[in-house]
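Chain order of the listed sequences is P and R. According to this note's numbering, the first sequence is numbered sequentially starting from 1. According to this note's numbering, the second sequence is numbered sequentially starting from 1.
What the hints contain is simulated information worked out from the structure, not anything from laboratory work. Be a bit skeptical, because a hint or two may be false.
Because identical chains cannot be distinguished in the list, a pair is counted as satisfied if it fits within a single copy or across any two copies.
To be verified - Taking lysine to any residue pairs in the SDA-like style, the calculated list, with each CA pair at most 20 Å apart, reads:
| hint | residue 1 | residue 2 |
| --- | --- | --- |
| 1 | 285 | 105 |
| 2 | 180 | 58 |
| 3 | 286 | 152 |
| 4 | 285 | 131 |
| 5 | 286 | 196 |
| 6 | 180 | 69 |
| 7 | 285 | 141 |
| 8 | 285 | 272 |
| 9 | 286 | 276 |
| 10 | 286 | 218 |
| 11 | 285 | 113 |
| 12 | 180 | 228 |
| 13 | 285 | 210 |
| 14 | 180 | 60 |
| 15 | 286 | 167 |
| 16 | 180 | 70 |
| 17 | 285 | 95 |
| 18 | 180 | 68 |
| 19 | 286 | 128 |
| 20 | 180 | 210 |
| 21 | 286 | 132 |
For clarity, every value in this text was computed on a predicted model and none was experimentally measured.
Number of protein chains: 2
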Amino acid sequence: MYRKVIGNPHLILYHPTAALRRVNSSAKRLISIQQITEVSKMSIEVIGVENLPIIQPGDDLAGLISDRITLMDGDILCVASSVYSKSVGNIRNLDEIIPGPEAGRIASMTREDPRFVQAVLDSSVEIILDHPFILSRLPSGHIGVRAGVDHSNVEDGIVILLPADPMGAAEAIRSEIREKSGVDIRVILTDTCGRAFRRGQTGHAIGWSGVTAIRDFRGDHDLFGHELLITEEAVADEIAGFANFVMGESNKGVPAVVFRNMETWSGHDMLYFEESEDIIKEALKKR
Amino acid sequence: MYRKVIGNPHLILYHPTAALRRVNSSAKRLISIQQITEVSKMSIEVIGVENLPIIQPGDDLAGLISDRITLMDGDILCVASSVYSKSVGNIRNLDEIIPGPEAGRIASMTREDPRFVQAVLDSSVEIILDHPFILSRLPSGHIGVRAGVDHSNVEDGIVILLPADPMGAAEAIRSEIREKSGVDIRVILTDTCGRAFRRGQTGHAIGWSGVTAIRDFRGDHDLFGHELLITEEAVADEIAGFANFVMGESNKGVPAVVFRNMETWSGHDMLYFEESEDIIKEALKKR
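Next comes chain P alone, as it looks inside the complex (with noise of 0.2 Å):
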């Protein structure tokens, strides 16, 4: 795994992370960006997680995961929000919600059933759309059809949520990993969600730990100079996306997907509009 830099025969990179933790330090000031990412010119190897077994409420998601492959320093583990959070249990016995008559009011527009449309309700903070489908924002600042409950891949009668926190979910999936397998990792926690304008459900990042969400290249140049005009790449979904197509949907199991020889970079996480600048949610809420 060592390998050389083009451009400072001096640097040995290990691999992504212990680059990044060399140019924190010492050569600090030596190292342009143009040098860090060099390190992407190793081709990238994406691994589904095979052979998990369907996973119930106090399984240990991380020791199953790292029972299975051998995490390296600097992957980043994609796992299906929905499977993190039935390892964490939770879920909801539908038998146990008592819809109220908001949740009957929408429930006799979309055509499902009262209970979870409850559990869609209690899930939200805002609800955008009441029909002909529940969009609605829930405390992440994740906007999501259903707000993202779900039925699928679950016993029947029991409905599976998002993490309420999923920052903090992908924050102890990396420190579990840590402590199991002494490797430090980065997490994505994945969620499947529709898209304006095109038809199909694609995977977006809900939850991330180690990365950021948004790659900035503010104060980037392009080819010829100029400076970027398009300065923020949303990284962190198009890699659960990327996950997601491994992982599949239906009955092939592989909720988790490693990402091996991924460059590091610099952005924010600031990955959701604020209020006054999201023209379609403002238009949606008009409708």
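Fit chain R to the given chain P structure using the hints.
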């Protein structure tokens, strides 16, 4: 690269494309979709095509890519649409554009060059928003900010247009690679777009050949035997997004990315919503 498919000891798969060919010929009725997806159990390799020169109109893009990487049957090659467009001369010189009154009106709101706005209008079949930025629909069905007209990574005074026929463009790259290298690859043409509710751009598919844009799970069942409610996954966008991560923006100069050892899937190409089902477009137009 030989690998046995679990569940059918008589079938040796060379790689996904070969597998599908095999399935399509003799053994069609014996092999289930489940067995085809077993191919995905190998890890995926993602390789940025490095050291391409700055592409100029008339350049042989497929040849330049083939010279830098040995492509293999079944590889998925993602190409940045801007680079393809430039290679085929799908660019405009701002000095040769005379903006009309509509371009002038919009440019005064968006504070852009009226000639640039005229290029955007000329690329569009429907304007969805004219401020604070132009959001429009292209003949292909793709909806994007400024119709994807781009003036980054291009000489001063030049804008790059999205390919007028992106499906034809993907097919052209694919057939040129087949002619030059004798290999049957799959191609996705990518563009960088914003999203609803979330800050930051991600890669999207705007043209493709040898794959379907949507993986269709209709009739599939979950781990508990229930028929799936979510049945369509926009896999072309998930792949395009991760390709965009590997490409990076700014001055990395990696406009092509190869995905190796990718499973095959079945589905359809109806990536864009019909008028009647596009709730967000409807709400934005009423705004």
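Hints and how they fare:
In this assembly of identical chains, residue 285 and residue 105 lie within 20 Å of each other by CA distance solely inside one copy; the values are 18 Å within and 28 Å between copies. Taking CA atoms no more than 20 Å apart as the test, residue 180 paired with residue 58 passes inside one copy only; the shortest distance there is 17 Å, against 56 Å between copies. With identical chains, the CA atoms of residue 286 and residue 152 are never at most 20 Å apart, being 32 Å at best within one copy and 35 Å at best between copies. In this assembly of identical chains, residue 285 and residue 131 lie within 20 Å of each other by CA distance both inside one copy and across copies; the values are 12 Å within and 19 Å between.
Proximity of residue 286 to residue 196 under the C-alpha cut-off of 20 Å is found in both arrangements, the shortest distances being 17 Å within a copy and 16 Å between copies. In the homo-oligomer, the alpha carbons of residue 180 and residue 69 lie at most 20 Å apart inside one protomer (13 Å), although the nearest pairing across protomers, at 39 Å, exceeds that limit. Taking the shortest Cα distances, residue 285 and residue 141 sit within 20 Å of each other inside one copy (16 Å), while across copies they are farther apart (25 Å). In this homomeric assembly, residue 285 and residue 272 come within 20 Å of each other (Cα to Cα) only inside a single copy, at 17 Å, whereas the closest approach across copies is 23 Å.
Taking the shortest alpha-carbon separations for residue 286 and residue 276, both the intra-copy value of 14 Å and the inter-copy value of 18 Å come in at or below 20 Å. In this assembly of identical chains, the alpha carbons of residue 286 and residue 218 never lie at most 20 Å apart, being 34 Å within a copy and 34 Å across copies at closest. When the C-alpha separation of residue 285 and residue 113 is checked against a cutoff of 20 Å, the pair qualifies neither within a copy, at 24 Å, nor between copies, at 32 Å. Within a single copy, residue 180 and residue 228 get their C-alpha atoms no closer than 42 Å, and across copies no closer than 35 Å, so neither meets the 20 Å cut-off.
In this assembly of identical chains, residue 285 and residue 210 lie within 20 Å of each other by CA distance neither inside one copy nor across copies; the values are 35 Å within and 40 Å between. In this assembly of identical chains, residue 180 and residue 60 lie within 20 Å of each other by CA distance solely inside one copy; the values are 11 Å within and 51 Å between copies. For the homomeric pair residue 286 and residue 167, neither the shortest alpha-carbon distance inside one copy (31 Å) nor that between copies (36 Å) is at most 20 Å. Proximity of residue 180 to residue 70 under the C-alpha cut-off of 20 Å is restricted to the intra-copy arrangement: shortest distance 11 Å within a copy versus 40 Å between copies.
In the homo-oligomer, the alpha carbons of residue 285 and residue 95 never lie at most 20 Å apart, since the shortest distance is 32 Å inside one protomer and 42 Å across protomers. Taking identical chains as interchangeable, the C-alpha atoms of residue 180 and residue 68 lie at most 20 Å apart only when both belong to the same chain, with a minimum of 13 Å there against 42 Å between chains. Proximity of residue 286 and residue 128 under a CA criterion of 20 Å is satisfied in both settings, with 9 Å inside one chain copy and 16 Å between copies. When the C-alpha separation of residue 180 and residue 210 is checked against a cutoff of 20 Å, the pair qualifies only within one copy, where the shortest distance is 17 Å, while the shortest distance between copies is 43 Å.
Both within a single protomer and between protomers do residue 286 and residue 132 lie at most 20 Å apart by alpha-carbon distance, with minima of 15 Å and 18 Å respectively.
Going down the numbered hints, you'll see the structure goes against 3, 10, 11, 12, 13, 15 and 17, while the others check out.
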